[in-house]
Amino acid sequence: MAVVDRDGGVLAEVTELDTRRHAEVIGESIAFCLDAAGVAPDELSAVVAGMGPGPFTGLRVGIAAARAFAFGAGKPCLPLISHDAIAFERLGGLALAISGEAPDPAATETAAPEPAAPDPAAPLLVITDARRRELYWSAFSGLDDAGLPVRLAAPELARPAELDEAVAGSCGSAFVAEATRTDPTSTPVSAAALGMLGEVLFAAGRPFARDEPLYLRSPDVTVPGAPKRVS
Amino acid sequence: MSATEPLVLGIETSCDETGIGIVRGRTLLANVIASSMDEHARYGGVVPEIAARAHLEALQPTLEAALAEAGVTLGDLDAIAVTSGPGLAGALMVGVGAAKALALGAGKPLYAVNHLVGHVGADVLRDDGSEIELPTIALLVSGGHTSLLHVRDLLDDVELLGETIDDAAGEAFDKVARLLGLPYPGGPQIDRVAADGDPKAIRFPRGLTLPKDLAQHRYDFSFSGLKTAVARHVEKLQNAGSDVPTADVAASFREAVVDVLLTKALAACAELGVPRLLLGGGVVANARVRQVAAERCAAAGIELRIPPLALCTDNGAMIAALGAELASRGRAPSPLGFGADSTLPVTSAQAS
Ligand SMILES: [Zn+2]
Numbered sequence: 100m101a102v103v104d105r106d107g108g109v110l111a112e113v114t115e116l117d118t119r120r121h122a123e124v125i126g127e128s129i130a131f132c133l134d135a136a137g138v139a140p141d142e143l144s145a146v147v148a149g150m151g152p153g154p155f156t157g158l159r160v161g162i163a164a165a166r167a168f169a170f171g172a173g174k175p176c177l178p179l180i181s182h183d184a185i186a187f188e189r190l191g192g193l194a195l196a197i198s199g200e201a202p203d204p205a206a207t208e209t210a211a212p213e214p215a216a217p218d219p220a221a222p223l224l225v226i227t228d229a230r231r232r233e234l235y236w237s238a239f240s241g242l243d244d245a246g247l248p249v250r251l252a253a254p255e256l257a258r259p260a261e262l263d264e265a266v267a268g269s270c271g272s273a274f275v276a277e278a279t280r281t282d283p284t285s286t287p288v289s290a291a292a293l294g295m296l297g298e299v300l301f302a303a304g305r306p307f308a309r310d311e312p313l314y315l316r317s318p319d320v321t322v323p324g325a326p327k328r329v330s
Numbered sequence: 275m276s277a278t279e280p281l282v283l284g285i286e287t288s289c290d291e292t293g294i295g296i297v298r299g300r301t302l303l304a305n306v307i308a309s310s311m312d313e314h315a316r317y318g319g320v321v322p323e324i325a326a327r328a329h330l331e332a333l334q335p336t337l338e339a340a341l342a343e344a345g346v347t348l349g350d351l352d353a354i355a356v357t358s359g360p361g362l363a364g365a366l367m368v369g370v371g372a373a374k375a376l377a378l379g380a381g382k383p384l385y386a387v388n389h390l391v392g393h394v395g396a397d398v399l400r401d402d403g404s405e406i407e408l409p410t411i412a413l414l415v416s417g418g419h420t421s422l423l424h425v426r427d428l429l430d431d432v433e434l435l436g437e438t439i440d441d442a443a444g445e446a447f448d449k450v451a452r453l454l455g456l457p458y459p460g461g462p463q464i465d466r467v468a469a470d471g472d473p474k475a476i477r478f479p480r481g482l483t484l485p486k487d488l489a490q491h492r493y494d495f496s497f498s499g500l501k502t503a504v505a506r507h508v509e510k511l512q513n514a515g516s517d518v519p520t521a522d523v524a525a526s527f528r529e530a531v532v533d534v535l536l537t538k539a540l541a542a543c544a545e546l547g548v549p550r551l552l553l554g555g556g557v558v559a560n561a562r563v564r565q566v567a568a569e570r571c572a573a574a575g576i577e578l579r580i581p582p583l584a585l586c587t588d589n590g591a592m593i594a595a596l597g598a599e600l601a602s603r604g605r606a607p608s609p610l611g612f613g614a615d616s617t618l619p620v621t622s623a624q625a626s
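Heads up: the protein sequence lines correspond to chains A and B, in order.
Residue 281 in this note's numbering sits at position 182 of the first sequence, with consecutive numbering throughout.
Residue 585 in this note's numbering sits at position 311 of the second sequence, with consecutive numbering throughout.
Simulated from the structure, these hints should not be mistaken for laboratory data.
A short list of chain A residues far from chain B (calculated; beta carbon distances all over 10 Å): (1) Asp104; (2) Leu110; (3) Ala111; (4) Glu112; (5) Val138; (6) Glu142; (7) Arg230; (8) Arg232; (9) Asp243; (10) Ala252; (11) Ala260; (12) Asp263; (13) Cys270; (14) Ala273; (15) Leu315.
In silico BS3-like cross-links for lysine-lysine, where the CA-CA straight-line distance does not exceed 25 Å: (16) A:Lys174 <-> B:Lys382; (17) A:Lys327 <-> B:Lys510; (18) B:Lys474 <-> B:Lys510.
Derived list of chain B stretches under chain A, where covered just means 3 residues or more per stretch with a C-beta under 8 Å from a C-beta of chain A: (19) 313 to 324; (20) 376 to 389; (21) 608 to 616.
All C-beta atoms, glycine included, are put in the ideal place defined by N, C-alpha and C.
Could you build the full structure based on these sequences and the hints that come with them?
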């Protein structure tokens, strides 16, 4: 949860990592952020919702709350792919947006390498935990002129052992060899990055994501066979 | 806000119905329900993940439809109420998360309420303007619950007399329907087939009615043994190569369920000296339940209340009604940190 402003940067952010408590904490998180940012709901331009991919319950509570908060405040709810926010942050788009500069891939290539500075032209494989020993992944080639991550393939689900093959299948084996990978055990989606990505997308006149949750998995259920005999 | 007639919007997502209702005090203004029942049909019962996904998709359209039906805006509301339990955890969480965000976005107080007490609260929304009469015994029967309550005060004095110790009655209807090759949901199918059957053809067991069971489970229910007895009966006929008299089996099964439900409910009325019985929950749609309730209540001199069906099945209006009772009695809104509580006890009308 975060409140961000195109000019003012990140005004407030709070993250709850306990995935079982989403419904419990979401109200306090919203209230805290509004309060810390000193912003009333009707002063917001829009609400951005991360549509995943993500495990069912937490994702659903987040989307339900984003839509309902936007509806309550009378503001548009803009859907985004959560992995795009991770790439936006890791590739340096977030920092650029906050500093108000445009990205310059050429400059970065020639500049003396700083250990912490992200490379906006570097291929990035975003990997997050999908639970049940599976991973969600998205591939990005870097940032574009507007400072937005360039997505190579839609988010997908894969078993760890089959990840490379799946990525190579849609992005080529060179990408698999070169891409920096995020650590699925510690790659939270920053709400500030999500919010600021929304700001930059809007300013650049780019489309938002489809308004549907990216569960990428069917509900666990099997069609029952004949009733079991009892005698 | 008007102290006595608050305008309240209620959100209900405890099972497979997304319900949004709007009331002004004890007057019903809107009751819109989106059901995911059809999506569960091929699985023979409610699939929690499918229900939760459906809630997310249905919430906003249902919300918009309810506001339009009531002819009010979010800004007009005095409060919002939401079911915080009991029910399916994943389904409840969608409603709880949305309700908190809606309340914050619109700047409205929020009440977290109990689903089962909400079923009783539905009876305050009488269209003839009469008042709910208390105390009452309440029998709440659906696919998710089978509970017998003693209600002396809607907010502060609801006692759980008993509940099912295994399957809910509605679940038993679904399972027996499947045994008989009938589709889901089983209630209306059993009702339809039983119309031509003899309810006395087969004497199926009445769960927890023997003296030794009554000592411990005076007002509790059990339908698991009944379901097994029906299965055994059907298998015996099939093994012998005989036709299964579906109509008689359905009618006799239904009679066993209805008999035990109403025997225990009327025993509670008699033993606790309460001359009223209120029915709630989706199983109230069953014609035989209503008929036997009417006959036995009349014979025992007990006043029977059955709210309109749209207020008996899970709905948001009953949640709004309970929220309006809390607001009009000056109760403080719920703090924002409440959760979805799938086992919320009936003694808390308002969750904390
Ligand atoms: Zn119910």
